[in-house]
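These protein sequences, in sequence, are chains A and B. For the first sequence, counting from 1, position 104 maps to 104 in the numbering used here; every step adds exactly one. Position in the second sequence counted from 1, then plus 345, gives you the numbering used here.
Hints listed in this document are in silico derivations from the structure and should not be mistaken for laboratory results. There may be inaccurate statements among the hints.
Unchecked claim - Derived pair list, reagent style SDA-like, types lysine to any residue, alpha-carbon separation capped at 25 Å: (1) B:485 / B:408; (2) B:351 / A:190; (3) A:136 / A:172; (4) A:192 / B:440; (5) A:76 / A:129; (6) A:176 / B:521; (7) A:192 / B:534; (8) B:351 / A:69; (9) B:485 / B:592; (10) A:6 / B:485; (11) A:237 / B:355.
Said to hold, decoys possible - Computed Cβ-Cβ distance ranges for the label pairs, DEER-style: (12) A:37 / B:615: 30 to 40 Å; (13) A:186 / B:547: 31 to 41 Å; (14) B:560 / A:88: 32 to 42 Å; (15) A:329 / B:560: 53 to 63 Å; (16) A:286 / B:615: 49 to 59 Å.
Every residue gets a Cβ at the ideal spot worked out from N, C-alpha and C, and that includes glycine.
Number of protein chains: 2
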Amino acid sequence: MPELRKDPIIGRWVIISTERGKRPGDFPSVETVTPGGFCPFDAGNEDKTPPEVFAFREPGTEPNTPGWRVRVVPNKFPALRIEGPLIRRGEGVFDKMSGIGAHEVVIENPDHGSALCDLALPQVEEVVRAFIHRIKDLRKDERLRYILVFKNHGEQAGASLEHSHTQIIATPIVPKRVMEELNGARQHYDLKERCIFCDIVLQEMEDGIRLVTENEACVSLTPFASRFPFETWLLPKWHSSRFEDMTDSQITSVADLLLETLLRLRSALNAPPYNFIIHTGPCQDPELPFYHWHIEIIPKLTKIAGFEWGTGFYINPTLPEEAARYLREVSLDAAQAGGDLCPKH
Amino acid sequence: MPELRKDPIIGRWVIISTERGKRPGDFPSVETVTPGGFCPFDAGNEDKTPPEVFAFREPGTEPNTPGWRVRVVPNKFPALRIEGPLIRRGEGVFDKMSGIGAHEVVIENPDHGSALCDLALPQVEEVVRAFIHRIKDLRKDERLRYILVFKNHGEQAGASLEHSHTQIIATPIVPKRVMEELNGARQHYDLKERCIFCDIVLQEMEDGIRLVTENEACVSLTPFASRFPFETWLLPKWHSSRFEDMTDSQITSVADLLLETLLRLRSALNAPPYNFIIHTGPCQDPELPFYHWHIEIIPKLTKIAGFEWGTGFYINPTLPEEAARYLREVSLDAAQAGGDLCPKH
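Please build the complete structure, drawing on both the sequences and the hints.
Right, here's the structure in full:
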């Protein structure tokens, strides 16, 4: 059974995933991508994954058979498990709880070779709809406090399978970084009665120097205090703390701008590995006036790592204003034609 | 001029190091290690680094010539610069300040092929003494609030030169993670009038299950809520918030246990890349009753990265108790003989 443990100094929870139990000889990870091998996410291999919990399918096709366009399955090696009671315990100065939660995989398309940014807009829309569908279903379990949707693209960004997919982890705690964002945003709201993210969006749209691209409902930009070169955030222009509360037209706008932003990053940076993380409000919370959901996209361009983990201190060698300019200057036609640039691992 | 920028949501400062100015074509980094090439840190190449600010040398040898055992030089490509005034400015909702600070390199020995854990105890002691000397010198500059001593060992851990070295960065702000530790530790002290780290050391010495090794003055252990497999901390058994306040015999104990811990990690994990970070109190603060300096050692065994950066949420596939057991079971004789296991990049 996985276990959640709390750091007694700074209060950060960590999943100790004992069932993945790695011993010294298991590093580097056995999960390393093996290109060209068997892929459980390909169409036709539906019986090689746990049974699907959601799919967009062609009419008349059966669950766990081909005919799907987007397919969501439980992770075969879950970091958390849905079964069992949520038990909280102390151990001297330490606190722990049982590793209750969910760990799912959104397979974004049946074609092994297509990355998310190779898909047509309606397909990307369905991927976003699949995220929303799963969030709405998982939040019914009141033990779960947060639902984390994130993507590791490319081996260097932590992907263990090359077939394009996104992961969903639902946890009985709110992750530390999200809690910090909530607290910081609440302070700003208490002081000014305005959402800090709305303030940022307005200022960045006026300034323009850190804007990457925008459409009627969304904007993508390189944050003022970017931790990483070419770090890019996508934010809705309307205020909303809950990703899953979008209307149909808002979903289209988000999918459109996510696709365009990923294409610009791929073209400017020669198809980098990257992570994206959807930052949204805690799943049991109502709409919050002070928080604003957004997507953080982080290309994995630099190797420096443990130092940042250990200190919360970042050195970024690229001016965010220059990164934004490079991303603006990308020719979208060329980017769309650049599908073969996308790394397969 | 480098610039410090503050994230307006969670208050984290980031160094934007414009003089390293990386453009899209510069990734992957040009700083990648080139084994076997020219090394500015080798004995005889003293004129290829900025002039030394400190060294342990053989009697009668001149600065910036061979004859040194440990040598400290300014970083040739500093993330922060010591010259100029500390200017603080706002830019709408954003805050920034000039990138004042210091960035130095501690070259741990003149021999290109020796890692820190290949050195004899007296040499490791001199490395620790060099850290202390530089901290005491840098803290005289009252603009500086924090002095960060950290090591990137191996290319995968962010090292850009293979010759064994440690970096020192002095900043006009306290890094976020350190501030969180200070705040968390202060809360515990306010509640219990005890140092949380002292509590942890006592409990771990009684329990024994997460102990790696100890000597009369120090202990190394795998923390209860380890973020990473085989994450190991070294803590003094005596209470002290300031790394630089050690007595001679305490320096010997720390060097001894650091050396032994690194040897155990090298032997158990087949010479992994790793980072270590010395966590000590802010450099202008007096001795603090609630904080306790320590060294965090993080072997770089897993690839997963951006997700953790983005969320503060960690999944550790190895039980800390099992990691400690593996590290305890290492035969020290075999570990010491294993010098050739140490990766040269």
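Okay, the hints, checked on the actual structure:
1. B:485 / B:408: Distance ~23 Å between residue 485 of chain B and residue 408 of chain B Cα, so the pair holds.
2. B:351 / A:190: Cα-Cα ~20 Å, so holds.
3. A:136 / A:172: holds, 16 Å
4. A:192 / B:440: holds, 17 Å
5. A:76 / A:129: holds, 23 Å
6. A:176 / B:521: Cα-Cα ~13 Å, so holds.
7. A:192 / B:534: violated, 33 Å
8. B:351 / A:69: violated, 42 Å
9. B:485 / B:592: Holds, at about 20 Å.
10. A:6 / B:485: Roughly 37 Å between the alpha carbons, so the hint for residue 6 of chain A and residue 485 of chain B is violated.
11. A:237 / B:355: It holds: about 20 Å lies between the C-alpha atoms, which stays within 25 Å.
12. A:37 / B:615: 30 to 40 Å: Cβ of residue 37 of chain A to Cβ of residue 615 of chain B: about 25 Å, so the range 30 to 40 Å is violated.
13. A:186 / B:547: 31 to 41 Å: Since residue 186 of chain A and residue 547 of chain B have Cβ atoms about 37 Å apart, the given range 31 to 41 Å holds.
14. B:560 / A:88: 32 to 42 Å: holds, 36 Å
15. A:329 / B:560: 53 to 63 Å: holds, 59 Å
16. A:286 / B:615: 49 to 59 Å: holds, 51 Å
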